[in-house]
Amino acid sequence: AQSVSQHNHHVILSEAASLELGCNYSYGGTVNLFWYVQYPGQHLQLLLKYFSGDPLVKGIKGFEAEFIKSKFSFNLRKPSVQWSDTAEYFCASSGFQKLVFGTGTRLLVSP
Amino acid sequence: GAVVSQHPSRVICKSGTSVKIECRSLDFQATTMFWYRQFPKKSLMLMATSNEGSKATYEQGVEKDKFLINHASLTLSTLTVTSAHPEDSSFYICSARITDTEAFFGQGTRLTVV
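Order-wise, the sequence lines are chains A and B. Using my numbering, the first residue of the first sequence is number 1, and each one after it goes up by one. Using my numbering, the first residue of the second sequence is number 1001, and each one after it goes up by one.
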């Protein structure tokens, strides 16, 4: 069955700290992977996506993620977070048509 | 990116009544739309996949007679919560996909059943 797990439920960082959010997926076939962000009071927005090619994917706002097939992982990274990155982050995978989400990670960046 | 509009954004209804939530793709045609439910401090749970012109496909554990989905056109899908109960109170989100690689989400609907 298709599933996504995110290991960190809550993360608190100071501004300028580096960020890495874990994401592991399970799916037997070809998989597309996504990171979505939900800022307070706003709807889900796509940060980045991977479906083939270079396993290091760069997204908006300085975020990147690396697809490691051997580890079934797609971790999200940012070298230096800002207060405005405070939000909830969801990893998702897409197998046959369905988009399945992880439980989400709530990130709080203190100024 | 493409725009998906969901209406209403908030609704309060009495227990036992039905509530309809609309999901529209504003600048593209969506043959497939998805309905999610988001619980507090939890992830988005896929409820059903809505296909234009055919019956929706429900995920295991989702009552299809309670959560009626209609996808009558390429730009509109509706979710009707029938005979609502307080435990149906939640945040409902729709999404539409243009390709296999990206989905666009509506703003969500906060349903409160009193």
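Rather than coming from a laboratory, the hints here were simulated on the basis of the structure. Every residue gets a Cβ at the ideal spot worked out from N, C-alpha and C, and that includes glycine. Do not take every clue at face value.
[Said to hold, decoys possible] Sample of chain A residues with no beta-carbon within 10 Å of chain B, all distances over it, derived: (1) N24; (2) P40; (3) Q45; (4) G102.
[As the list claims (entries may be wrong)] Selected chain B positions facing chain A (Cβ under 8 Å, derived; list incomplete): (5) P1040; (6) L1044; (7) E1052; (8) A1072; (9) I1098; (10) F1105; (11) G1106; (12) T1112.
We went through each hint and held it up to the structure:
No Cβ of chain B approaches the Cβ of N24 (chain A) within 10 Å, the least distance being about 14 Å, so the stated non-interface status holds. Even its closest Cβ contact with chain B, about 13 Å, leaves P40 (chain A) beyond 10 Å, as expected for a residue assigned away from the interface. Its closest Cβ contact with chain B, about 8 Å, brings Q45 (chain A) to no more than 10 Å, contrary to its assignment away from the interface. Listed as a non-interface residue, G102 (chain A) fails to keep its Cβ farther than 10 Å from every Cβ of chain B; the least gap is roughly 6 Å.
For P1040 (chain B), the suggested interface contact is broken, since its CB lies about 11 Å from the closest CB of chain A, more than 8 Å. With a cut of 8 Å, the hint placing L1044 (chain B) at the interface with chain A holds, because the nearest CB-to-CB distance is about 5 Å. The restraint placing E1052 (chain B) at the interface with chain A is violated, with a minimum CB-CB distance near 14 Å, outside the 8 Å limit. The restraint placing A1072 (chain B) at the interface with chain A is violated, with a minimum CB-CB distance near 20 Å, outside the 8 Å limit.
With a least beta-carbon distance of about 12 Å to chain A, the hint placing I1098 (chain B) at the interface is violated under the 8 Å criterion. Checking F1105 (chain B) against chain A by beta carbon gives a least distance of about 4 Å; that is within 8 Å, so the hint holds. Using the Cβ-Cβ criterion of 8 Å, the hint placing G1106 (chain B) at the interface with chain A is satisfied: the shortest such distance is roughly 6 Å. The beta carbon of T1112 (chain B) comes no nearer than 17 Å to any beta carbon in chain A, farther than 8 Å, and the hint placing it at the interface is violated.
Hints 3, 4, 5, 7, 8, 9 and 12, counting from the list given before, are not met by this structure.
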